[in-house]
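Novice: If you're matching them up, the sequences are chains A and B in order.
Under our numbering, the first residue of the first sequence carries the number 1, and numbering increases by one thereafter.
Under our numbering, the first residue of the second sequence carries the number 1, and numbering increases by one thereafter.
No wet-lab data here; the hints were simulated from the structure.
Any given hint could turn out to be false.
It does not matter which identical chain is meant; a pair holds if it fits inside one copy or across any two.
Calculated lysine-lysine pairs in the DSBU-like style (CA-CA distance at most 30 Å, straight line) [as the list claims (entries may be wrong)]: (1) 84 x 120; (2) 120 x 219; (3) 126 x 84; (4) 126 x 219.
Number of protein chains: 2
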Amino acid sequence: MARFFVDELPAEGSRYTLSGENAEHARVLRLRPGEAVTLCDGRGTDCPCAVEEGLTLRAGAWAPCAAEPRVRVSLWIAFPKADKAEHVIQKAVELGAAEIVLFPSRYCVSRPEGKALDKKLERWQKIARAAAEQSRRGVIPPVRAVDACAEALREAARAELPVLFYENESGYSLHDALAELGGLRSGAPDASGGRSMTAPTVSLMTGAEGGFSEEEIEKARLAGMKICTLGPRILRCETAPLAGLAAVMFALGEI
Amino acid sequence: MARFFVDELPAEGSRYTLSGENAEHARVLRLRPGEAVTLCDGRGTDCPCAVEEGLTLRAGAWAPCAAEPRVRVSLWIAFPKADKAEHVIQKAVELGAAEIVLFPSRYCVSRPEGKALDKKLERWQKIARAAAEQSRRGVIPPVRAVDACAEALREAARAELPVLFYENESGYSLHDALAELGGLRSGAPDASGGRSMTAPTVSLMTGAEGGFSEEEIEKARLAGMKICTLGPRILRCETAPLAGLAAVMFALGEI
Numbered sequence: 001m002a003r004f005f006v007d008e009l010p011a012e013g014s015r016y017t018l019s020g021e022n023a024e025h026a027r028v029l030r031l032r033p034g035e036a037v038t039l040c041d042g043r044g045t046d047c048p049c050a051v052e053e054g055l056t057l058r059a060g061a062w063a064p065c066a067a068e069p070r071v072r073v074s075l076w077i078a079f080p081k082a083d084k085a086e087h088v089i090q091k092a093v094e095l096g097a098a099e100i101v102l103f104p105s106r107y108c109v110s111r112p113e114g115k116a117l118d119k120k121l122e123r124w125q126k127i128a129r130a131a132a133e134q135s136r137r138g139v140i141p142p143v144r145a146v147d148a149c150a151e152a153l154r155e156a157a158r159a160e161l162p163v164l165f166y167e168n169e170s171g172y173s174l175h176d177a178l179a180e181l182g183g184l185r186s187g188a189p190d191a192s193g194g195r196s197m198t199a200p201t202v203s204l205m206t207g208a209e210g211g212f213s214e215e216e217i218e219k220a221r222l223a224g225m226k227i228c229t230l231g232p233r234i235l236r237c238e239t240a241p242l243a244g245l246a247a248v249m250f251a252l253g254e255i
Numbered sequence: 001m002a003r004f005f006v007d008e009l010p011a012e013g014s015r016y017t018l019s020g021e022n023a024e025h026a027r028v029l030r031l032r033p034g035e036a037v038t039l040c041d042g043r044g045t046d047c048p049c050a051v052e053e054g055l056t057l058r059a060g061a062w063a064p065c066a067a068e069p070r071v072r073v074s075l076w077i078a079f080p081k082a083d084k085a086e087h088v089i090q091k092a093v094e095l096g097a098a099e100i101v102l103f104p105s106r107y108c109v110s111r112p113e114g115k116a117l118d119k120k121l122e123r124w125q126k127i128a129r130a131a132a133e134q135s136r137r138g139v140i141p142p143v144r145a146v147d148a149c150a151e152a153l154r155e156a157a158r159a160e161l162p163v164l165f166y167e168n169e170s171g172y173s174l175h176d177a178l179a180e181l182g183g184l185r186s187g188a189p190d191a192s193g194g195r196s197m198t199a200p201t202v203s204l205m206t207g208a209e210g211g212f213s214e215e216e217i218e219k220a221r222l223a224g225m226k227i228c229t230l231g232p233r234i235l236r237c238e239t240a241p242l243a244g245l246a247a248v249m250f251a252l253g254e255i
């Protein structure tokens, strides 16, 4: 079913005409009269509609978006090389990330700034929007960047479950971090059918191709990040955030 | 640390000279005398070595590869379009898949056969080898194809945990399938430090861009596959197998 993000949802029973990029997208899809489509306000509310004719829809009753996760996971990734950021952003949105934040770290090869960064952020945000539509999300996760690793650590550490995945850590795992969070039992679905009753805020942070420096890891520890292993296999910088995200989503009953 | 797959490991204390592709790879890495490298027989045994000079190594004592998962997960993916197969194979090897099997299904757009398939399989196997070296695996997971969906279902269903991820399933989850497996408690690490004592065999099956037909799902059910949801967000065909694999690896204490 086609899905379009719009600024304001139409009232139930009223008509709505798709415009701008949505109209272009709808033309490609060749919507037919009677076909069901969904409008979403990007703030978690859906409006199911039926196509009347062309780009004109008749609005049904609003409802909360069923695909929006109850857990808020921020993904913090050190700037990777080339098009890896695009890949991670697209997949992270599908997997339910609430936001994606990029930051520079010591071993980053790529560290876009100024106008070059603005241009990238604009492109990344478009990718996030398309991925949100495709995966039926109820919000378009923002994609943003911070100027320094220290800033990223300070902000990421505010989550109830602030995790940094580090390839040189072997003892402490995501299971341990989830167990520490208390109340929540990792991977154990509750009576609500696999979704945890409490939805903690989570930060997942991963490094660039060269990983983190020991100094950065010490600073992360001091900031309050939980330094976790992702297992004994060394994951590429574009694989680690998505593996961590899928694991957390599974643990918290969202997969 | 550099890692090379070799046919036979050298005896402890003996000399070994890298050859063929390994020699080429070593030249790129510019190995220095004294540097530690690992040879692996691709059957789960590692031999730590020190560089003596050039491409000549001195072998240390053999040991089981620490990065090889205890659980055997076969990944069954319907032929995807373009280079998505390469992407899934690379990531699946990093995440610990034991093998990757491709198969045609009703809605596959791409269905390579004959020499075209042989060529693809050769390329995919090289990708699997490189990913195994990079991620420190102890085996090179085989990449193969079967001729028909029915054959894939028959073979995949033999696993102790045979899962097919289907976007139109919403009630039955991977948590349910793991709970049914008994003995194993999903996501609950045991006393061995997060690794389950028993290592079940697992099959994870996912569709192509167009998904599975209802008929294929019925046949899968009859064959014994457990039809599972991967959550309410619709994942792309290259995201689903990796999300499922990461979730299973986490549930079984391998992440």
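Novice: For a quick check of understanding: which of the numbered hints are violated here, in increasing order?
Specialist: 4
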